[in-house]
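Got chain A; can you put chains B, C and D on it based on the hints?
So the sequences go chain by chain: A, B, C and D.
Heads up: the first sequence begins at 1 in our numbering, then just goes up one per residue.
Heads up: the second sequence begins at 1 in our numbering, then just goes up one per residue.
Heads up: the third sequence begins at 1 in our numbering, then just goes up one per residue.
Heads up: the fourth sequence begins at 1 in our numbering, then just goes up one per residue.
FYI, nobody ran anything at the bench for these hints, they're computed from the structure.
This structure is a prediction, so every number in the text was calculated from the model and none was measured.
Keep in mind that the hints are not guaranteed to be accurate.
Identical chains blur together in the list; that is why a pair holds if it fits in one copy or across any two.
Stated by the list, open to error - Derived SDA-like pairs: lysine to any residue, alpha-carbon spacing no greater than 25 angstroms straight-line:
1) Lys-244 - Ile-97
2) Lys-86 - Val-20
3) Lys-29 - Arg-153
4) Lys-246 - Leu-212
5) Lys-244 - Ala-162
6) Lys-248 - Ser-27
7) Lys-29 - Ala-162
8) Lys-29 - Thr-165
9) Lys-246 - Ala-150
10) Lys-86 - Leu-126
11) Lys-244 - Ser-143
12) Lys-244 - Ser-146
13) Lys-88 - Phe-62
14) Lys-248 - Arg-153
15) Lys-248 - Ala-151
16) Lys-29 - Tyr-154
17) Lys-29 - Leu-160
There are 4 protein chains.
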Amino acid sequence: MSEPDFKYFSRFRNQLFHIVFGTDTRSGKLFDIVLLWAIVLSVISVMLESVSSIREAYDDVFFVTEWLFTVLFTVEYLLRLFITAKPKKYAFSFFGIIDLLATLPTYITLFVAGGSYLVVIRSIRLLRIFRILKLGRYLREASVLSDALAASRYKIFVFLGAVFTLAMIMGTLMYMIEGGESGFTSIPRSIYWAIVTITTVGYGDIAPQTVLGQAFASMLMLMGYAIIAVPTGIVTSEIASAEKNKRKEESAGRVCAACGIKGHDKDAIFCKNCSAKL
Amino acid sequence: MSEPDFKYFSRFRNQLFHIVFGTDTRSGKLFDIVLLWAIVLSVISVMLESVSSIREAYDDVFFVTEWLFTVLFTVEYLLRLFITAKPKKYAFSFFGIIDLLATLPTYITLFVAGGSYLVVIRSIRLLRIFRILKLGRYLREASVLSDALAASRYKIFVFLGAVFTLAMIMGTLMYMIEGGESGFTSIPRSIYWAIVTITTVGYGDIAPQTVLGQAFASMLMLMGYAIIAVPTGIVTSEIASAEKNKRKEESAGRVCAACGIKGHDKDAIFCKNCSAKL
Amino acid sequence: MSEPDFKYFSRFRNQLFHIVFGTDTRSGKLFDIVLLWAIVLSVISVMLESVSSIREAYDDVFFVTEWLFTVLFTVEYLLRLFITAKPKKYAFSFFGIIDLLATLPTYITLFVAGGSYLVVIRSIRLLRIFRILKLGRYLREASVLSDALAASRYKIFVFLGAVFTLAMIMGTLMYMIEGGESGFTSIPRSIYWAIVTITTVGYGDIAPQTVLGQAFASMLMLMGYAIIAVPTGIVTSEIASAEKNKRKEESAGRVCAACGIKGHDKDAIFCKNCSAKL
Amino acid sequence: MSEPDFKYFSRFRNQLFHIVFGTDTRSGKLFDIVLLWAIVLSVISVMLESVSSIREAYDDVFFVTEWLFTVLFTVEYLLRLFITAKPKKYAFSFFGIIDLLATLPTYITLFVAGGSYLVVIRSIRLLRIFRILKLGRYLREASVLSDALAASRYKIFVFLGAVFTLAMIMGTLMYMIEGGESGFTSIPRSIYWAIVTITTVGYGDIAPQTVLGQAFASMLMLMGYAIIAVPTGIVTSEIASAEKNKRKEESAGRVCAACGIKGHDKDAIFCKNCSAKL
Chain A
1 MSEPDFKYFS RFRNQLFHIV FGTDTRSGKL FDIVLLWAIV LSVISVMLES
51 VSSIREAYDD VFFVTEWLFT VLFTVEYLLR LFITAKPKKY AFSFFGIIDL
101 LATLPTYITL FVAGGSYLVV IRSIRLLRIF RILKLGRYLR EASVLSDALA
151 ASRYKIFVFL GAVFTLAMIM GTLMYMIEGG ESGFTSIPRS IYWAIVTITT
201 VGYGDIAPQT VLGQAFASML MLMGYAIIAV PTGIVTSEIA SAEKNKRKEE
251 SAGRVCAACG IKGHDKDAIF CKNCSAKL
Chain B
1 MSEPDFKYFS RFRNQLFHIV FGTDTRSGKL FDIVLLWAIV LSVISVMLES
51 VSSIREAYDD VFFVTEWLFT VLFTVEYLLR LFITAKPKKY AFSFFGIIDL
101 LATLPTYITL FVAGGSYLVV IRSIRLLRIF RILKLGRYLR EASVLSDALA
151 ASRYKIFVFL GAVFTLAMIM GTLMYMIEGG ESGFTSIPRS IYWAIVTITT
201 VGYGDIAPQT VLGQAFASML MLMGYAIIAV PTGIVTSEIA SAEKNKRKEE
251 SAGRVCAACG IKGHDKDAIF CKNCSAKL
Chain C
1 MSEPDFKYFS RFRNQLFHIV FGTDTRSGKL FDIVLLWAIV LSVISVMLES
51 VSSIREAYDD VFFVTEWLFT VLFTVEYLLR LFITAKPKKY AFSFFGIIDL
101 LATLPTYITL FVAGGSYLVV IRSIRLLRIF RILKLGRYLR EASVLSDALA
151 ASRYKIFVFL GAVFTLAMIM GTLMYMIEGG ESGFTSIPRS IYWAIVTITT
201 VGYGDIAPQT VLGQAFASML MLMGYAIIAV PTGIVTSEIA SAEKNKRKEE
251 SAGRVCAACG IKGHDKDAIF CKNCSAKL
Chain D
1 MSEPDFKYFS RFRNQLFHIV FGTDTRSGKL FDIVLLWAIV LSVISVMLES
51 VSSIREAYDD VFFVTEWLFT VLFTVEYLLR LFITAKPKKY AFSFFGIIDL
101 LATLPTYITL FVAGGSYLVV IRSIRLLRIF RILKLGRYLR EASVLSDALA
151 ASRYKIFVFL GAVFTLAMIM GTLMYMIEGG ESGFTSIPRS IYWAIVTITT
201 VGYGDIAPQT VLGQAFASML MLMGYAIIAV PTGIVTSEIA SAEKNKRKEE
251 SAGRVCAACG IKGHDKDAIF CKNCSAKL
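Next up, chain A with everything else stripped away, as it sits in the complex (with noise of 0.2 angstroms):
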């Protein structure tokens, strides 16, 4: 390639970065905007290609439409392998393994039957919708969730040790009461019935029968009850520490550039020590 050419490439090459990266230039919301229709569209065809009385109806339609799709995101895949500076960082960032993931299912299919449906991952994919609404905004409220989650994480596995092992115990105990009946076919099945109760999610396709068992799962109950009490007040506790944080973080990181002080509110709009405009 001669030098001229080069850099017109070059220059092509950066104006496609900004128009499949970037969100800020009119083409590059667009881009943005045609992409995720076609990951919605993409998405609900193979829910309803799950609908048997649908799919016998429009057997070729979905056919055709998934290996449309899959074609559309892997050119889009190679695409932004191929503008991006840093290729490898790409591949192995978050949003690049499930840029891969959303096209690989559909030629699994061409060597494994119903493989298809693994293309339901396609949905994460849309939480890049958070980059075109306002990204900033929301970016910021994700980072304090996650930071409040992962400052709590070493407590949510004790509390998730615990109460698996409660449920363990509670399982075996319901076994040995209601005897196989109802439901209690086996341990496994009778700490499956514990986790449903501790959980309050309650289906009642295993409920207990026996008095004894009725009064057992009651205990259980007002445990699960009271034991739920233990996330909320971790997470709710963080995410007030975290909030408060990222508040601390966002005025610490507002320096005045004409006297270098730090620390100004969030909403000043003049530098409190010499009057300058922020």
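For chains B, C and D alone, kept in the frame of chain A given last:
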């Protein structure tokens, strides 16, 4: 209209305004109470009409009652439009739209059958009750609640987006695991089941039967149990800060007439600066 | 009655008062414990009586037991009325009314059959147990809880009003969507279903079958899931501030006898101003 | 035993102690990991044995496995008792009792049939896992959680007492309303239903059919929905203050070796007073 006529008319209109829109005068309160009972009766009449055994016995009564209330509410709506100084503002206000919608369903039944049940929209009008019972106190609390919800709307959207994506993926996986058995007949139905499970509602009309399905369902329940902590944590921290802001606002709003100092306590009787009565 | 007689009588009445109402003396504690066991036995006897197989076998026993406990509690009630200094105040206090109601149901059965089950109201008397077990500590916590609930009662009313209006509208919509099928046979029943769903109870006796109905139900569940955060948030922030107030009150209540300074820490042993022992 | 023999023996015992109780050395970690796997396998084996189809096919295998693990755990328990310096303290510690209970069930089956399922108590031993995985971090969080639960135990008891009393009264009322129909066959069963409803579990095996019953049930659900906020609020405010105390304690625990000043930040590297390395 001659001028004295107009004057009398204007005074009459003013009096009517205080009766219809106000709650301070005796007649204004009476009007509101009569109106609330009319709304309650009309809503109850629609509900009873839906019970087939009652409908068959008192068919005529319901027909008469419905038209009676509809004419009454139509007259009331036109009256409100007529006596308010800014008819446009009222017509497009929250209660203005609800007042209009409350009259329409019965007219719709002239053209389309079955629309009469929409009359239930009248129940929203019952929220007027808070205007009568110690108005200010309830409005204050409602405003704290709605401020907190408004402040947490971005976090709630991010959260609901994540929950719905999780429900789609888990629903599809369960459809593949249970293989169209025990109620998981299509992906949309399986997603419905996943939402029923994550939110801990747990009807039990669809419930996993296979061991693998029950293991997956248990995981989903524990996730739902931990996830419910997130909106709670969000709203709790927002309510706490909305309550704080409200109190700050209230004390900031109290200005001493004598010396102009702000920031008096909510229950202060004298100015803390110059001891003048507030 | 001669004066010395009256004196003896007054002393006797005073001793009785300490036994019946007090929990400090040995005999006062014993009286309360015997009473609690009598209450527990009488409530258990009513419950067992409701089990038809047991009732048929021991019909006479239940009849005798019931009248025995009723006479016992009647005597106790009259005794309390007689020995307290202010009978009127006791009669209209919370426990005074409960004590009376606890004796009435059996007398009612002389005139109306079936009233005997109302005896269960005696179980409220069991709350006296908190008077025996480390009285103060429990009363303190109960007062924090009831302060928090009292402070949030306006917000809770606004909230329940909004939830009930939502249930009415969604119930009516579901009645129109499901068209009298799958349990949605009338609007009141559909509203019952809507409440079962919003509160995440989810019996499953009524459940949507149509696709549109399931989509609406999913929406309602997600709303219920997010809405449950609201009362939690309200009560949490109120409990936090009730707890704070209680602590402030407690430390304000500690006054140094030597110098009169207030506001000592709850666990302080010496006055922080003059070092006198508190 | 001659003195050098005793010395060798003492050293050997010391080494064994580090392997069995410690997690710092390589062999100590290996011992714990092998032990955890043995526990997991023995618990899984008991669960599979409860599934009738599997039990019939591999009856002998389960018999051998169970005795193998039991002998193994018995040896381990005796070893622990033997090598620890204070056998009594270990025997009455939480894990000491669990370790003993984990061995007993199989011996019990020699005398009483069916006791073998109690082996599930071994699953509590799995909590040892937190000792291996980044021990300190998890212990810290567990201590925050248990501090919060301990601090709120009085409030939780008051709360559970109130909920249980409510369930008894509402259960009895529903028994009277539904009149022995639709599952409400006795007061204890109706109380079981009331607990299922208040805790929002909602199996649906018992559900009201009469209009009055459904109205009452709706009321109970809304109460349960509002009531669940109470334990959450209690635990949340306790977790927040337990977390605060923990942090204060941690920073108070850091004392500068050079100047003796306390209260350094958790992540401080140098003393804030004399700049000595902490």
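Since the copies are identical, ignore which copy is meant and state whether Lys-244 and Ile-97 lie within 25 angstroms (CA to CA) inside a copy, between copies, both or neither.
neither (33 angstroms within a copy, 40 angstroms between copies)
Homo-oligomer pair classification [Ser-146, Lys-244; C-alpha up to 25 angstroms]
both (14 angstroms within a copy, 21 angstroms between copies)
Within a copy, between copies, both or neither: which one fits Lys-244 and Ser-143 at a CA-CA cutoff of 25 angstroms?
both (13 angstroms within a copy, 23 angstroms between copies)
Checking an output row: Lys-29 and Tyr-154, CA cutoff 25 angstroms. Within, between, both or neither?
Between. Shortest inter-copy distance 21 angstroms satisfies the 25 angstroms Cα cut-off; intra-copy 40 angstroms does not.
Status of Ala-151 relative to Lys-248 across identical chains (alpha carbons, at most 25 angstroms):
Both: 17 angstroms inside a chain and 18 angstroms across chains, each within 25 angstroms.
Intra- versus inter-copy proximity for Val-20 and Lys-86 (alpha-carbon distance at most 25 angstroms):
Intra 15 angstroms, inter 50 angstroms, cutoff 25 angstroms: intra-copy only.
25 angstroms Cα cut-off: does Lys-246 pair with Ala-150 within a copy, between copies, both or neither?
Both. Shortest intra-copy (14 angstroms) and inter-copy (19 angstroms) distances satisfy the 25 angstroms Cα cut-off.
Regarding Lys-29 and Arg-153, is the shortest C-alpha distance of 25 angstroms or less found within a copy, between copies, in both, or in neither?
Answer is between; shortest inter-copy Cα gap is 24 angstroms, intra-copy 36 angstroms.
Should Lys-29 paired with Leu-160 be assigned to within, between, both, or neither, using CA atoms and 25 angstroms as the limit?
Cα proximity of Lys-29 and Leu-160: across copies only (24 angstroms, versus 42 angstroms in one copy).
Is it within, between, both, or neither for Lys-244 and Ala-162, if the alpha carbons may be no more than 25 angstroms apart?
The answer is between: 23 angstroms across copies meets 25 angstroms, while 30 angstroms in one copy does not.
Are the CA atoms of Lys-246 and Leu-212 at most 25 angstroms apart within a copy, between copies, both, or neither?
Result: close neither inside a copy nor across copies, 51 angstroms intra and 41 angstroms inter.
One pair to classify: Lys-88 and Phe-62, alpha carbons no more than 25 angstroms apart. Within, between, both, or neither?
neither (34 angstroms within a copy, 51 angstroms between copies)
Violated hints for the displayed structure, listed by number in ascending order: 1, 4, 6 and 13.
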